Each structure stands twice: as C-alpha cells, then as structure tokens.
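Undergrad: Line by line, the protein sequences are chains A and B.
Going by the numbering used here, the first residue of the first sequence is number 91, and it counts up by one from there.
Going by the numbering used here, the first residue of the second sequence is number 454, and it counts up by one from there.
These are computed hints drawn from the structure, not numbers from a lab.
Wrong hints could be hidden among the right ones.
Taking lysine-lysine and the DSSO-like style, the derived pairs with C-alpha atoms no more than 30 Å apart in a straight line are [as the list claims (entries may be wrong)]:
{"id": "1", "chain 1": "A", "residue 1": "K150", "chain 2": "B", "residue 2": "K539"}
{"id": "2", "chain 1": "B", "residue 1": "K489", "chain 2": "A", "residue 2": "K155"}
{"id": "3", "chain 1": "B", "residue 1": "K539", "chain 2": "A", "residue 2": "K155"}
{"id": "4", "chain 1": "B", "residue 1": "K621", "chain 2": "A", "residue 2": "K110"}
Fair warning: this is a prediction, and the values are worked out from it, not measured in the lab.
Below are the chains, spelled out letter by letter.
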Amino acid sequence: MIKARVTVTLKNGVLDPQGKAIEGALGALGFDGIGQVRQGKVFDLQIETADKAKAEADLKAMCEKLLANTVIENYSISFA
Amino acid sequence: MSFKRRRQGLNRTMKSAVVQLPGLNRDRDMIAALTKISGKAPVTVWQTETELPDVDLIVIPGGFSYGDYLRCGAIAARMPVMQAIKAKAEQGVKVLGVCNGFQILVEAGLLPGALMRNASLKFVCREVKLEVVNADTDFTRAYAKGQIIRSPVAHHDGNYFADAETLKSIEGNGQVVFRYAEGTNPNGSMGDIAGVMNKAGNVLGMMPHPENLIEAAHGGSDGRGIFASALEVIAA
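Whole structure, please, built from the sequences with the hints as guidance.
TA: Spelled out as structure tokens, the structure:
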C-alpha cells in the first residue's frame with residue numbers, strides 16, 4: 091500500500107479572502123511580521139498498490155479531474 | 454424578435470427540463486417558474502441519467518449539491534448527467550445554471566472562470582440590481598441593452614474569478630451577460646460579473662435567482678424575461 095499526500099493551493103494572483111481573514115486574526119493575536127497567509131487543502135490517500143509509478147499517474151489524474159480546480163489552484167503530490 | 458420567431462413561439466410550446474441532484478433545494482421554485490411562464494411543466498432529470506429527454510432548455514437550479522463539499526459544484530459536475538448535458542450543449546440545446554447551477558457549470562468546464570468564496574466571507578441573501586450587458590442572447594431578448602433589473606441573490610461562493618486573458622476574451626466576445634449594478638456587487642466578483650455565457654451563446658450561468666422574481670406575489674417580475682426569452686414566450 092502506498093500513502094500519498096496531495097496539497098492543493100491557490101495560484102498566485104488569485105484573491106484568497108479566507109487567507110486574508112486568518113492573516114488579520116493572527117495579527118490581532120499579537121503575531122507580528124506575518125507577510126501573507128494563503129489557505130489551502132491537504133488530502134491524505136491510501137492506495138492499494140505497490141506500483142508507485144502507476145499510483146503517481148493516477149494521483150495526477152485525480153488532481154486534474156477532481157481534487158484541484160486548475161483554473162484557480164495548483165497541486166503537488168508527495169509520498170510518505 | 455422577428456415575425457418568424459414569434460410564429461414559432463406561438464405555434465409550439467417549448468419544452469424544458471430541470472436537473473435534480475442531492476442537496477439542490479431551489480428545484481421546486483424553478484419548476485414553478487418554468488411551469489407558470491411556459492404553460493408546461495418541465496420534466497425532471499435525476500443525476501444518474503445518461504440520456505436526456507428532447508427539450509429546448511435544460512436548467513440546473515440552485516442549492517448546495519453534495520453539501521458544497523470539496524468546492525461548490527465540484528462533485529455534482531462529475532455526475533453522469535453532466536456528461537449528457539455537455540453533449541446536449543454541444544448540439545446547441547440551451548442550458549441555464551442558476552446559483553449552485555452556475556457553480557456546477559464552471560466546475561464542469563462548460564463555462565469559463567471559477568466561483569470563489571465571497572470577498573466578505575459572509576453568506577449574502579438580499580436583493581441586488583443587475584445590468585443587462587448583452588440583450589442579444591437567447592436568454593435576454595426580452596430586455597433592452599443596459600436595462601437595470603432587480604434580482605434576489607443567496608450564496609456564499611459567488612465571487613467570480615477568471616485569469617486576465619480569459620476575462621479579456623469573455624468581455625470582448627460579449628459573454629458577460631449580467632453585471633451587478635449601482636454598487637450592489639454582493640460578493641467581490643471581478644468586473645461586477647453576475648452572469649456569463651459560453652462562446653456559442655447557448656449556455657448561461659448566473660448567481661442571482663431570477664426564478665424568485667417572476668410574479669406579483671414575489672413583489673415583481675423582473676426575472677421573468679430570462680425564462681420568457683429562453684422559452685420564446687411572447688409578452689413577457
């Protein structure tokens with residue numbers, strides 16, 4: 091079994107109102123010097139295979155088809 | 454509207470369909486609006502359907518399909534019925550997506566751009582003003598270019614985004630059909646965009662709910678023209 095992590099983040103230039111609100115809240119808590127906060131998503135997947143290359147290809151297809159909206163988001167795939 | 458179009462409208466009642474998915478909740482309002490305006494009840498289509506009935510207009514209503522999980526409309530956009538709708542749209546059948554229906558259409562790639570969380574981070578439920586930017590479409594013939602109409606909105610993720618290139622192209626092609634007017638942009642949408650159509654002009658998505666302003670009991674009938682146009686009904 092392969093354990094993978096997919097991280098989805100907003101592309102540069104896409105406004106992130108939630109990140110902005112978090113940034114403001116951190117400032118209000120007294121954390122100084124925060125340049126920017128961008129919110130994203132993390133997906134942990136367990137794939138029943140020993141074939142890492144196939145798993146990687148499948149994960150890429152999953153990202154393109156569902157996990158990320160490539161109009162506004164980037165994704166990256168890593169393995170545990 | 455030409456004489457020929459009028460005659461077609463008079464001689465034949467246009468047929469419509471309303472798509473139903475788990476979590477959509479504006480389907481009954483849409484069915485009522487289509488029935489009242491066209492005089493014929495729409496057929497309903499469940500998400501697992503792979504073949505659609507022969508209709509002139511397919512409507513994806515609003516709501517919270519799949520609980521807005523992952524991204525609004527993302528899971529609904531991958532259901533079998535959407536493949537069938539894509540095929541119909543390619544044949545030129547009119548498709549209208551309202552609110553969550555709009556989100557589903559952009560997630561399915563039938564319309565350009567994306568709908569993001571409202572800039573205020575708040576759910577907005579209020580009335581806005583819309584400018585009819587393009588009145589030369591199958592959905593807006595009943596209006597005049599530049600006309601300002603009233604419409605309710607109710608959404609959390611209606612903040613329209615498109616990259617600079619896409620924005621330039623949809624503006625240039627007349628694909629921006631409605632804009633929030635008179636400072637009523639409720640969500641931070643780029644260019645005050647409230648409604649967008651595809652390049653071919655037969656698929657329209659909009660965040661506002663025209664189906665909720667079609668008769669005196671609603672306090673106005675400003676939204677009626679969209680359905681009257683799409684269903685070629687005379688005397689909106």
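Undergrad: Work down the list of hints and note, for each, if the structure agrees.
TA: Structure-based check of all given hints:
{"no.": "1", "hint": "A:K150 to B:K539", "result": "holds, 24 Å"}
{"no.": "2", "hint": "B:K489 to A:K155", "result": "violated, 38 Å"}
{"no.": "3", "hint": "B:K539 to A:K155", "result": "holds, 16 Å"}
{"no.": "4", "hint": "B:K621 to A:K110", "result": "holds, 27 Å"}
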